[in-house]
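**Q** Chains as they are written, first to last, in our numbering: chain V, 1 to 288; chain H, 1001 to 1288; chain L, 2001 to 2288; chain F, 3001 to 3288.
Everything labelled a hint here was simulated from the structure, so no lab data went into it. Model, not experiment: these values are computed from the prediction. Each hint should be verified, as a subset may be incorrect.
Said to hold, decoys possible - Listed below are the simulated DSSO-like cross-link pairs for lysine-lysine, each with C-alpha atoms no more than 30 Å apart in a straight line: (1) V:Lys213 to H:Lys1213; (2) F:Lys3205 to L:Lys2213; (3) V:Lys205 to V:Lys150; (4) L:Lys2205 to F:Lys3205; (5) V:Lys254 to F:Lys3254; (6) H:Lys1213 to H:Lys1254; (7) V:Lys205 to H:Lys1213; (8) H:Lys1205 to V:Lys213; (9) V:Lys254 to H:Lys1254.
Number of protein chains: 4
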Amino acid sequence: MSTADTWILTAQCPSRLGTVDVVTRFLKENHCYITELNSFDDRLACHFFIRAEFRPENEGFDSERFQDEFAPRAAEFDMTFELTPPGRRTPVVIMVSRTDHCLNDLLYRYRTGQLPIDVRAVISNHPDLEPLAAWHRIPYHHCPITPETKPQQEAEVWRIIEETGAELVILARYMQVLSPGMSARLSGWAINIHHSLLPGFKGAKPYHQAYEKGVKLVGATAHYINDDLDEGPIITQGVEAVDHSHYPEDLVAKGRDIERQTLARAIDYHLQRRVFLHARRTVVFAGS
Amino acid sequence: MSTADTWILTAQCPSRLGTVDVVTRFLKENHCYITELNSFDDRLACHFFIRAEFRPENEGFDSERFQDEFAPRAAEFDMTFELTPPGRRTPVVIMVSRTDHCLNDLLYRYRTGQLPIDVRAVISNHPDLEPLAAWHRIPYHHCPITPETKPQQEAEVWRIIEETGAELVILARYMQVLSPGMSARLSGWAINIHHSLLPGFKGAKPYHQAYEKGVKLVGATAHYINDDLDEGPIITQGVEAVDHSHYPEDLVAKGRDIERQTLARAIDYHLQRRVFLHARRTVVFAGS
Amino acid sequence: MSTADTWILTAQCPSRLGTVDVVTRFLKENHCYITELNSFDDRLACHFFIRAEFRPENEGFDSERFQDEFAPRAAEFDMTFELTPPGRRTPVVIMVSRTDHCLNDLLYRYRTGQLPIDVRAVISNHPDLEPLAAWHRIPYHHCPITPETKPQQEAEVWRIIEETGAELVILARYMQVLSPGMSARLSGWAINIHHSLLPGFKGAKPYHQAYEKGVKLVGATAHYINDDLDEGPIITQGVEAVDHSHYPEDLVAKGRDIERQTLARAIDYHLQRRVFLHARRTVVFAGS
Amino acid sequence: MSTADTWILTAQCPSRLGTVDVVTRFLKENHCYITELNSFDDRLACHFFIRAEFRPENEGFDSERFQDEFAPRAAEFDMTFELTPPGRRTPVVIMVSRTDHCLNDLLYRYRTGQLPIDVRAVISNHPDLEPLAAWHRIPYHHCPITPETKPQQEAEVWRIIEETGAELVILARYMQVLSPGMSARLSGWAINIHHSLLPGFKGAKPYHQAYEKGVKLVGATAHYINDDLDEGPIITQGVEAVDHSHYPEDLVAKGRDIERQTLARAIDYHLQRRVFLHARRTVVFAGS
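Construct the entire structure; sequences and hints are all you get.
**A** Written out as structure tokens, the structure reads:
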């Protein structure tokens, strides 16, 4: 696990001999001690991913200079990289509708420091959850939406996201389908949570369909938003057993517990830079 | 858990006052001590299910007479019922193709008595698994199949099933789609196992599709055969975590372990009369 | 799952022919439709447990009369029983110290109605969690404790519990060892949560000991208080995987998530009258 | 996951700047493409662990030369290392007593290639499992033991292990306590499986003790043998839910399923060189 003095370097590039070496050699030369390292080469996609946690051994580690000097070496490999400082709280915006199970969980983890986030705003198409945000002293923006006002509402939402400087948007049970334009803008840096059922069900009232089918498991999937809502790249999934005594409303309740845990875990992975997005899949260095 | 001296009485009928009482009073009157009882009323289907394990307190329990005397009382409630004696090994036929992970697991549980089954025959459309059956001294029927010979092959398979007196048919990775006629014949007393993926995938090479999607869970579903192959009433489901390092062949391997466990669990539930089939759903009194 | 119109009848007694019948016949005679029934006979303890959810079919169900009339029949079996009305919110007192992961979770479930409890008071030996209680408009009693003042403090705590009319006391990470007298008073109607590690560790800093040992799982146990603190009858247990990268503080954090889920589940079982206490063990009709 | 052409290099040493670089630079210089890399620095133990899967890009990879040339570089870091070729089947000896659930599972995985092992011998203090070994054409050595003959028996067992050239000894429910001398000889390269219960129980009949306590989970631990039997360094642990209806014999049966799965997983990790032993703990790069 990362600590107060560990930086994180993440990078990805096409597969080629030397992809690890270009990273690890540079860290060594800069007196950075690697405390945890994971790399993976996707042999089907021919793409390489690496994540290093490290501790600078010299005082006065200069991150600007580090990046400037690493950039040309990375460029040789067509490598994109990101350097994340220790102890940083990522500015986020949380979007919700009326159900608060995910919001309450996230705000608890925010308040107690379990998730290193700085919640800049809560945006909702309903006024219901304002008191919860208020108790945590977080600005709450009520942005109602109708089919007619959707463009304006999304513009307003976007304005708020931009103003807050959010680097991550969390859709914590925001029950509106984003427009293609909005999805495109949020692609890769917004995380959504939705139910996952075996077998999968399309259309309305999925839990009712699952009940009709007599499923014995219900689950949830946390994924990045991309242009294919509810079908974006999967970050993590959770599941729990149910039985015949679970009526549709019980399945929904069960689903809520899984949703909030799965969403929190996805955000944790994202903030720790454990998730890499490539094409339509993710690489997640979940543990160790 | 049932023991060497416990009988099982199962029954179901439309919901109506007295459904429990008609069963429990009769058991009391016949000096049968109930060691475990579960009943459930499905308020949406308006249907009632009950399972009782009991121990006759008088010697010389006469099961024929028990059933004869209970029948008219059950009839008043349009109740169907079944009485299962202790220590009985259910005659089964196992159908396979070439992969043996489920067959090996089932034969192990058969050999060690973990599953109270009497495996009367193994039927396969390939000769590969004959030695495994032979070591367990079980007749192995090689029934090859082509699109042209399907009717004859199914007739032959059916003949074997009938001759063995099988009361349960287990499709332990039998990779042929049954004809509607065969499915109808096996409806409700044949158990199949197949992969379950989140989200669901239709068509060929499901694990490859799941890989493309980057799923983080793979699972398996055990279900009764009905007229809708791979979509019959679910008995139980299993699931395990995977990650980006699982290539399609790794997902398949992972799936195998889940399949054999899930199939064995389904059969165990079925044999213990814990599974009730009603319309397109099951009620499963899994524990306690 | 129980609904707005289902009552719950629970009972236990020594094993004897007719234990089920005495309950189910009475329900039938009183026009009570059983929607869910579980009974279990512990053949080693020779003790019988039964739980019935039922819906009175006649209007004006008189619970007083029901109990008065059932009492003599139960007495014939040395049977103790309890009748629980639908929709009741059980008055509870929550005891905490400084960590709030369990309290926050319980208050969320209280606020949203997921747990049918009426939190009458929060008692703590520290002032830290007062704001959290205040936001939920729950009286917070700061009862500091020292070895010298323990008798007085426990007397004060007991006075508050009595005044509130609490029927359940929840020790949600209350980090004080109760005196034998206090434990005796709370025996069987107070639920505690504590860590569970494989193998078990005694003494201080259990997570540090677990780290030293390199455990791969950490867990939590929810149990009733009895005269043997941390060793009372187990209601439910939870567990999660960890690895070498979890330092002691990470194990503690992981433990917190399991603790709050396990505690909430135990309370849910208790309130639904799914837990029976007999000698030093519990019978829990967890599902269906 | 490793494939037919990937080698594995594992190493460990005291923590010091450059530990990663010395490995990754050497691989690069030798035209070895790293397909998967994990390193971890234990900041409490001040010890470093690394595992690299790699694919030589030049034909005619010379492993002898590779090791000879890497040795002096490793020596500078007091680093021990091991190079494992692709596709190798590790010679193993399996020790059992009378229960066959683990042996049957291991032989199945051996036969189907799921575990890359070459089972050279099965050793037992009982004759019971000879037919199972015979069907797999594996020599079976019956080495009976009494308190008096223990030294001679262990000498005989040791002779067989040595003669077979086994590199891993698997105690698959071998129900004898090894002598300190035998434990010392097997320290670090023999894997044992035993039950794990929450809370832990010492002494005889642990499942009976667990039953008395009313545990809701039972588990198993796979660990290396060292001088402290049943308490050696943990490799992996498994767990499953149980309830009041599980009598001691049911807990034992449940335990068996967990034991065989947990043992197989531990062996898989070991063979893939994912397990590092340091002092009394392990580092396990389980996934990715």
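**Q** Taking the hints in turn, state whether each one holds.
**A** Outcome of the hint check:
{"no.": "1", "hint": "V:Lys213 to H:Lys1213", "verdict": "24 Å, holds"}
{"no.": "2", "hint": "F:Lys3205 to L:Lys2213", "verdict": "24 Å, holds"}
{"no.": "3", "hint": "V:Lys205 to V:Lys150", "verdict": "23 Å, holds"}
{"no.": "4", "hint": "L:Lys2205 to F:Lys3205", "verdict": "29 Å, holds"}
{"no.": "5", "hint": "V:Lys254 to F:Lys3254", "verdict": "26 Å, holds"}
{"no.": "6", "hint": "H:Lys1213 to H:Lys1254", "verdict": "17 Å, holds"}
{"no.": "7", "hint": "V:Lys205 to H:Lys1213", "verdict": "24 Å, holds"}
{"no.": "8", "hint": "H:Lys1205 to V:Lys213", "verdict": "24 Å, holds"}
{"no.": "9", "hint": "V:Lys254 to H:Lys1254", "verdict": "26 Å, holds"}
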